[in-house]
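Just so we're aligned: the sequence shown equals residues 1 to 532 in this note's numbering.
Hints listed in this document are in silico derivations from the structure and should not be mistaken for laboratory results.
Hints are supplied without guarantee of correctness; some may be wrong.
[As the list claims (entries may be wrong)] Derived pair list, reagent style SDA-like, types lysine to any residue, alpha-carbon separation capped at 25 Å:
no., residue 1, residue 2
1, Lys-275, His-241
2, Lys-270, Glu-207
3, Lys-118, Lys-136
4, Lys-378, Thr-451
5, Lys-82, Ala-43
6, Lys-117, Lys-153
7, Lys-378, Arg-436
8, Lys-153, Lys-118
9, Lys-118, Gly-71
10, Lys-276, Gln-245
11, Lys-378, Lys-392
12, Lys-153, Arg-142
13, Lys-276, Tyr-232
14, Lys-26, Gly-164
15, Lys-136, Pro-27
16, Lys-268, Met-122
17, Lys-136, Ala-83
18, Lys-117, Glu-39
19, Lys-237, Thr-208
20, Lys-143, Ala-83
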Amino acid sequence: MRILIVDDSEAYRFFLRDMLERFAPKPGVRTILEAGDGETALAVLARELTWVGPFSRCGVDLVIMDLIMPGMGGIATLARIKADPAFRDIPVIMITVSDDEECLERAFAAGALDYVKKQGRMAEMAARVEAALRLKRETDERKARERELRAEKEFTAAILEHSGDGIAVAAPSGEFVFCSPGMERIFGYPAGAFATLDDFARVVFPETTLAQDVRDNFPGGVLAGHVWHAIYPCLDKNRLHRFCQIHFSSMPGGNLVLNIQDVTFLEKQKRELLKKQSRHQQDLDAAAEIQQSLLPRRVSANRTFRFAWEFRPCETIGGDIFNVFPLGQDHVGLYMLDVSGHGVASSLVALSVYNFMHYQRSTLIDRVAGGISVAPPKDVLTRLDWEFPYIKFSRFFTIAYMVLNVRTGLLTYANAGHPAPVLLFPDGRLHTLDDRGTIIGLEGFAPFEETTRTLAPGEKVLLYSDGLVDFQNEAGEYFGEGRFFDIVRPAADRPVTEIVAAMGRGLDHFGGEARPRDDISLLGLEYLGPEA
């Protein structure tokens with residue numbers, strides 16, 4: 001709180017300052033300003049004036065002023081203070097040396113709040129000061145609230161005047177008690193064209209159940225705050241078809257508020273969007289069917305190997321694809337790839353890679369006189385890296401590619417950033433094939449390496465996409481490598497078909513009703529031996 005002491009006596013100003021600080025509720029809560037005459041007092045008040053938007057506020061909360069001073073006297077200064085709108089709310093306590101009734105009458109007539117005698121008791125003076133400060137606080141709070149209410153009223157009026165929405169209030173009897181200008185802007189009918197809600201509904205909403213909806217949702221005695229909304233077709237004054245969304249809410253006292261929005265453009269746009277979405281979904285479904293058709297037979301076997309797979313697409317078409325295919329009489333090739341992202345673009349890249357990796361193309365084999373030469377996996381990945389640059393497709397992909405010599409069991413493989421395949425031994429041991437290069441699409445950023453390993457009969461190779469280990473259940477838990485390994489170990493001595501089936505059951509048990517956010521792919525190949 002800031003208090004201004006106005007007195008030509010420096011000694012008395014010192015006395016008042018000491019008294020005000022001594023009787024303050026807490027040290028430091030009062031700031032004491034001083035002036036020796038009326039002119040200086042007015043200058044101090046002007047200096048303490050601040051503006052917040054269109055409103056001014058003086059930082060002084062109380063003036064204690066001598067009644068008799070040289071120059072501009074106390075009453076004249078008081079009159080100047082109260083004549084200024086910026087200062088008139090500041091309480092003023094006059095200091096007198098006597099109970100001169102005429103002077104006091106003039107002071108109170110000029111706007112003084114109270115007076116104290118110079119020879120008065122300090123406790124009494126402190127009490128009067130505290131009462132004046134309390135009155136100032138209350139006055140400031142009331143004025144602030146009045147300003148807020150005035151601003152809110154002006155703001156609300158501006159909204160109603162310029163809003164494109166229509167707002168109407170209907171009494172429980174159905175009679176309109178208020179209609180905003182927005183009603184005319186929406187429907188074209190002037191204010192007052194409809195006396196009741198039923199009349200309004202009959203003319204503007206002839207083919208809807210608006211009036212019946214109101215009766216059903218607004219029975220007698222409904223509690224205040226009941227809210228519902230609906231979209232209705234309607235006709236404007238020119239009998240043009242439109243759509244309105246109406247939010248209904250009940251007020252204390254029983255009135256019904258209708259907040260009406262013209263949603264004609266949005267409704268037509270939504271209907272058109274639904275048509276496009278339906279066509280788009282049909283295209284996605286067709287693309288998903290094509291993607292499924294490219295997968296190999298679910299279970300296959302011959303005398304030297306057998307394989308099985310599990311594929312669970314996400315809600316949109318994705319970029320996972322895999323294949324198993326013969327490479328001449330002595331070799332079989334297999335791969336799994338995962339294109340970044342989801343949707344049509346990723347699936348088209350996956351389809352392109354699938355075609356590029358066709359077993360009859362020169363990508364995988366070289367036909368020489370008298371036979372077929374199988375391209376080394378590292379060379380295949382190098383060709384893919386140059387054929388599918390990121391700068392061209394805005395997609396990269398990972399791939400693990402393997403070639404198995406079915407006569408010798410020699411497995412040659414290369415990996416471009418794909419999760420490490422798992423080698424599963426019949427005794428339950430696991431070995432991850434961790435040798436990995438960079439992703440496809442970097443155009444020769446780093447050379448690809450390949451590794452060889454000889455498989456014994458009964459050993460299996462499992463390829464999977466990261467969608468498997470990253471699968472989350474409804475609780476947000478990840479399936480993870482740990483669960484993956486825990487499922488395949490106990491079935492390691494069983495056929496690969498049973499291992500893949502066990503993984504499918506494990507995913508069902510873990511995921512419950514959760515849908516995968518990414519494609520889940522698992523491909524297993526079991527080497528049976530050259531004479532199996």
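Hint consistency between Lys-237 and Thr-208 [alpha-carbon to alpha-carbon, up to 25 Å]: 17 Å, holds
What's the verdict on Lys-275 and His-241, does the C-alpha distance respect the 25 Å limit or exceed it? Holds, at roughly 20 Å.
Restraint check for Lys-136 with Pro-27, where alpha carbons must lie at most 25 Å apart: 20 Å, holds
25 Å Cα cutoff - pair Lys-143, Ala-83: 18 Å, holds
Tell me if the straight-line CA distance from Lys-153 to Lys-118 falls inside 25 Å. 48 Å, violated
Straight-line alpha-carbon gap Lys-118 to Lys-136, limit 25 Å: 23 Å, holds
Does Lys-136 pair with Ala-83 here, judged by a C-alpha cut-off of 25 Å? Holds, at about 18 Å.
Take a quick look at whether Lys-117 and Lys-153 sit within 25 Å of each other, Cα to Cα. 46 Å, violated
Please verify whether Lys-378 and Arg-436 have alpha carbons no more than 25 Å apart. 11 Å, holds
Are Lys-276 and Gln-245 close enough, with their CA atoms no more than 25 Å apart? 23 Å, holds
Taking 25 Å as the top limit, are the C-alpha atoms of Lys-82 and Ala-43 close enough? Distance of about 15 Å is within 25 Å: holds.
Holds or violated: Lys-117 to Glu-39, with C-alpha atoms at most 25 Å apart: Answer holds: Lys-117 to Glu-39 is near 23 Å, not above 25 Å.
Hints 6, 8, 14, 16 from the list above are not met by this structure, while the remaining hints are.
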